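Q: So the sequence lines, in the order shown, correspond to chains A and B. Sequential numbering of the first sequence, starting at 1, is according to UniProt numbering. Sequential numbering of the second sequence, starting at 1, is according to UniProt numbering.
Do not take every clue at face value.
Okay, derived cross-link-like pairs now, DSBU-like style, lysine-lysine, Cα gap no bigger than 35 Å in a straight line [what the hints assert, rightly or not]:
(1) K18/A <-> K31/B
(2) K77/A <-> K234/B
(3) K130/B <-> K234/B
Here are some of the chain B residues that sit facing chain A, going by a computed Cβ distance under 10 Å [as the list claims (entries may be wrong)]:
(4) F67
(5) I216
(6) V247
Because the hints were derived from the structure by calculation, they are not lab data. Every value quoted in this text rests on a predicted model; they were computed, and no experiment measured them. Where a beta carbon is used, it is the ideal one built from N, C-alpha and C, also for glycine.
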Amino acid sequence: MSSPAATDHATLNGEIAKPNTSWIWRVFFVLVAITAVEFAITFALEAQHFRTLRNSILIGLTILKAFFIVGEFMHLKHETKGLIWMILVPSTLLIWLLVALVTEGSFIGETMAHMFS
Amino acid sequence: MAQTTTLQPTAAPTLDAPRTGNWDGGNEPFKASYGKLMMWIFLLSDAFSFGAFLTTYGMIRHKHAVFTGEASAFHFSTKWWPIPDHVFNAFPGMGHANVPLGFVALMTMILIFSSVTMVLAVEAGHRMDKADVQKWLLWTILFGAIFLSSQAWEWGHFIRGHEEGTLMADGTVFHGANLAVNQYGPVLFADLFFFITGFHGTHVFSGVCLLVWCFIATTNGTFEKRGHYEMVEKIGLYWHFVDLVWVFVFTFFYLV
Numbered sequence: 001m002s003s004p005a006a007t008d009h010a011t012l013n014g015e016i017a018k019p020n021t022s023w024i025w026r027v028f029f030v031l032v033a034i035t036a037v038e039f040a041i042t043f044a045l046e047a048q049h050f051r052t053l054r055n056s057i058l059i060g061l062t063i064l065k066a067f068f069i070v071g072e073f074m075h076l077k078h079e080t081k082g083l084i085w086m087i088l089v090p091s092t093l094l095i096w097l098l099v100a101l102v103t104e105g106s107f108i109g110e111t112m113a114h115m116f117s
Numbered sequence: 001m002a003q004t005t006t007l008q009p010t011a012a013p014t015l016d017a018p019r020t021g022n023w024d025g026g027n028e029p030f031k032a033s034y035g036k037l038m039m040w041i042f043l044l045s046d047a048f049s050f051g052a053f054l055t056t057y058g059m060i061r062h063k064h065a066v067f068t069g070e071a072s073a074f075h076f077s078t079k080w081w082p083i084p085d086h087v088f089n090a091f092p093g094m095g096h097a098n099v100p101l102g103f104v105a106l107m108t109m110i111l112i113f114s115s116v117t118m119v120l121a122v123e124a125g126h127r128m129d130k131a132d133v134q135k136w137l138l139w140t141i142l143f144g145a146i147f148l149s150s151q152a153w154e155w156g157h158f159i160r161g162h163e164e165g166t167l168m169a170d171g172t173v174f175h176g177a178n179l180a181v182n183q184y185g186p187v188l189f190a191d192l193f194f195f196i197t198g199f200h201g202t203h204v205f206s207g208v209c210l211l212v213w214c215f216i217a218t219t220n221g222t223f224e225k226r227g228h229y230e231m232v233e234k235i236g237l238y239w240h241f242v243d244l245v246w247v248f249v250f251t252f253f254y255l256v
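Same shape as in the complex, but just chain A (with noise of 0.2 Å):
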């Protein structure tokens, strides 16, 4: 993608400069191109045989999207490396927070079931 930080030059002697925006509609191809794939692969693959690969590969390509969304469109991947940290570092704890929890369900789960067995 080629730097959105030359969009940034303000108006010249009154007139207004020439838009910038073709790595826009890059991101956006890209963006349609995995939701494409993300949606040939829920029906390609049958759920009840592909369980573990098909969701990994869904969680996979849903998080490539949200590094072209937040990268690009918010402009992260362009900001000084604090902000970047200050951003990332918490959000990857809740990946730490869905692990343990639905481990957490699996477990509740299986406990019910065989409660009265």
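Start from chain A and add chain B according to the hints.
A: Same frame as chain A, now just chain B:
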């Protein structure tokens, strides 16, 4: 130590010039304005809210049994979690045609496209191009409103339910969903649908309100007089975040 008789720090280094390091004050270590930084921190806290919602969804989904038979043999039952393509398979104006996830794919595209028009508005703001900012803000408002109406239709269909309905434990056939009972599966499935998509929809609605206000301010020349369109950028950050959340809701609620 015993010789210290004055309160003056003896070993303090004398500065020839003020310190100018990144964190010594007097500058912006993040090279972002106060407003933008606060918007980022708000979005981080909002990410925790949505993260908690989706984690709850994951936990409750894993607590329930999975349908283990062939996909073609699937039917709704409170015994197992429903397969999303069987729940969300209607398209406006197509009657009872089976279009698994078709409408939600369209909604996703609309929201991604609204994100693109939002970046275009921000880009126009960098160039101080008032007319372009107005144009792209209007497009974003339009796509946001279309997304909200689509969600309203989706909710309507979810609440009214499928024609065949599901035979419940008390022997009656139930159609659709409310917070206490639904035809698709465990009670919590519908509850989580209402809470997660509802919370997201509320965010989209707030976003549209902010954009309308921003459009009015742009038209009045408020930002032009101020010399910069940073407000468009800050609202843009919020709008992209709403799009980002939908990307995750789309995966965890509809695809996985």
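Q: Return the numbers of the hints above that this structure violates; sort them in rising order.
A: 5
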